[in-house]
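Build out the structure end to end from the sequences listed, making use of the hints.
All residue numbers for the sequence shown refer to our numbering, where the first residue is 614 and numbers rise by one.
If you're looking for bench data, these hints aren't it; they were derived computationally from the structure. Just so you know, even glycine gets a beta-carbon here, dropped at the ideal spot from N, CA and C. Take these hints with a grain of salt, some might be off.
[To be verified] What follows is a list of derived Cβ distance ranges for each label pair:
| id | residue 1 | residue 2 | range |
| --- | --- | --- | --- |
| 1 | 628 | 673 | 31 to 37 Å |
| 2 | 652 | 627 | 33 to 39 Å |
| 3 | 650 | 627 | 18 to 24 Å |
| 4 | 653 | 628 | 35 to 41 Å |
| 5 | 616 | 669 | 28 to 34 Å |
| 6 | 657 | 628 | 26 to 32 Å |
| 7 | 661 | 621 | 15 to 21 Å |
| 8 | 615 | 666 | 33 to 39 Å |
[Stated by the list, open to error] Here are the simulated SDA-like pairs of lysine to any residue, each with C-alpha atoms no more than 25 Å apart in a straight line:
| id | residue 1 | residue 2 |
| --- | --- | --- |
| 9 | 644 | 667 |
| 10 | 636 | 623 |
| 11 | 627 | 616 |
| 12 | 644 | 660 |
| 13 | 622 | 661 |
| 14 | 636 | 660 |
| 15 | 644 | 630 |
| 16 | 622 | 666 |
| 17 | 618 | 664 |
| 18 | 618 | 646 |
| 19 | 627 | 665 |
| 20 | 644 | 620 |
| 21 | 644 | 658 |
| 22 | 636 | 667 |
| 23 | 636 | 671 |
| 24 | 636 | 651 |
| 25 | 622 | 651 |
| 26 | 622 | 664 |
| 27 | 618 | 630 |
| 28 | 618 | 629 |
| 29 | 627 | 664 |
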Amino acid sequence: MGRRKVEIKRIENKSSRQVTFCKRRNGLMEKARQLSILCESSVALIIISATGRLYSFSSAWPRSSVVMN
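Now the structure itself:
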């Protein structure tokens, strides 16, 4: 069995959209962490929300080595 094509559309309910964003953000950060461990590589992730809030992840140590302009 193949996968069906998923229709991508905007979530109109603001509360539901925020919950979905938080879940996806956390999932993406977890995947970045796993990738850095499994591949023994440096990973940097920058996420900006719809409200303009900045979220970042860096597997490099010290974390200040990631430059954000």
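Do the hints match the structure? See the list:
1. Look at residue 628 against residue 673: about 35 Å separates their beta carbons, and that is inside 31 to 37 Å.
2. One distance hint, 33 to 39 Å for the beta-carbon pair residue 652 and residue 627, holds here, with the actual separation near 37 Å.
3. At about 35 Å, the CB distance of residue 650 to residue 627 disagrees with the hint of 18 to 24 Å.
4. In this structure, residue 653 and residue 628 meet the distance hint of 35 to 41 Å, their C-beta atoms being roughly 40 Å apart.
5. Under the hint 28 to 34 Å, the C-beta atoms of residue 616 and residue 669, about 32 Å apart, fit the expected range.
6. Checked against the hint of 26 to 32 Å, the C-beta distance between residue 657 and residue 628 comes to roughly 30 Å, which is consistent with it.
7. Between residue 661 and residue 621 the CB atoms are about 19 Å apart, so this pair conforms to the stated range of 15 to 21 Å.
8. Between residue 615 and residue 666 the CB atoms are about 38 Å apart, so this pair conforms to the stated range of 33 to 39 Å.
9. The straight-line distance between the Cα atoms of residue 644 and residue 667 is roughly 18 Å, inside the 25 Å bound, and the hint therefore holds.
10. Among the hinted pairs, residue 636 with residue 623 is consistent with the structure: their alpha-carbon atoms are about 16 Å apart, no more than 25 Å.
11. Taking the CA atoms of residue 627 and residue 616, the gap is near 29 Å; set against the 25 Å cutoff, the hint is violated.
12. Proposed proximity of residue 644 and residue 660 is supported: the alpha carbons are some 14 Å apart, at most 25 Å.
13. Restraint check for residue 622 and residue 661: the C-alpha separation of about 19 Å stays at or below 25 Å, so the hint holds.
14. For the hint linking residue 636 to residue 660, the alpha-carbon distance of about 13 Å falls within 25 Å, and the restraint holds.
15. With a C-alpha separation of about 21 Å, the suggested pair residue 644 and residue 630 falls inside the 25 Å cut-off, and the hint holds.
16. Our distance criterion of 25 Å between C-alpha atoms is met by residue 622 and residue 666, whose separation comes to about 22 Å.
17. For the hint pairing residue 618 with residue 664, the CA-to-CA distance comes to about 29 Å; that exceeds 25 Å, so the pair is violated.
18. As the CA atoms of residue 618 and residue 646 are separated by approximately 28 Å, the hinted pair breaks the 25 Å bound.
19. Distance restraint check for residue 627 and residue 665: the Cα-Cα separation of roughly 15 Å lies within the 25 Å cut-off, and the hinted pair is therefore satisfied.
20. Taking the CA atoms of residue 644 and residue 620, the gap is near 24 Å; set against the 25 Å cutoff, the hint holds.
21. Under the criterion of a C-alpha separation no larger than 25 Å, the hint pairing residue 644 with residue 658 is consistent with the structure, at around 10 Å.
22. Only pairs whose Cα atoms come within 25 Å are accepted, and residue 636 paired with residue 667 is accepted, the gap being roughly 16 Å.
23. With a C-alpha separation of about 19 Å, the suggested pairing of residue 636 with residue 671 holds against the 25 Å cut-off.
24. For the suggested pair residue 636 and residue 651, the alpha carbons sit about 22 Å apart, so the restraint of at most 25 Å is met.
25. Of the pairs offered as hints, the one joining residue 622 and residue 651 is violated, with about 33 Å between alpha carbons and a cut-off of 25 Å exceeded.
26. Restraint check for residue 622 and residue 664: the C-alpha separation of about 19 Å stays at or below 25 Å, so the hint holds.
27. Annotation: proposed proximity of residue 618 to residue 630 holds, straight-line Cα distance about 21 Å (limit 25 Å).
28. For the hint pairing residue 618 with residue 629, the CA-to-CA distance comes to about 22 Å; that is within 25 Å, so the pair holds.
29. Distance hint between residue 627 and residue 664 is fulfilled; the C-alpha atoms sit about 12 Å from each other, no more than 25 Å.
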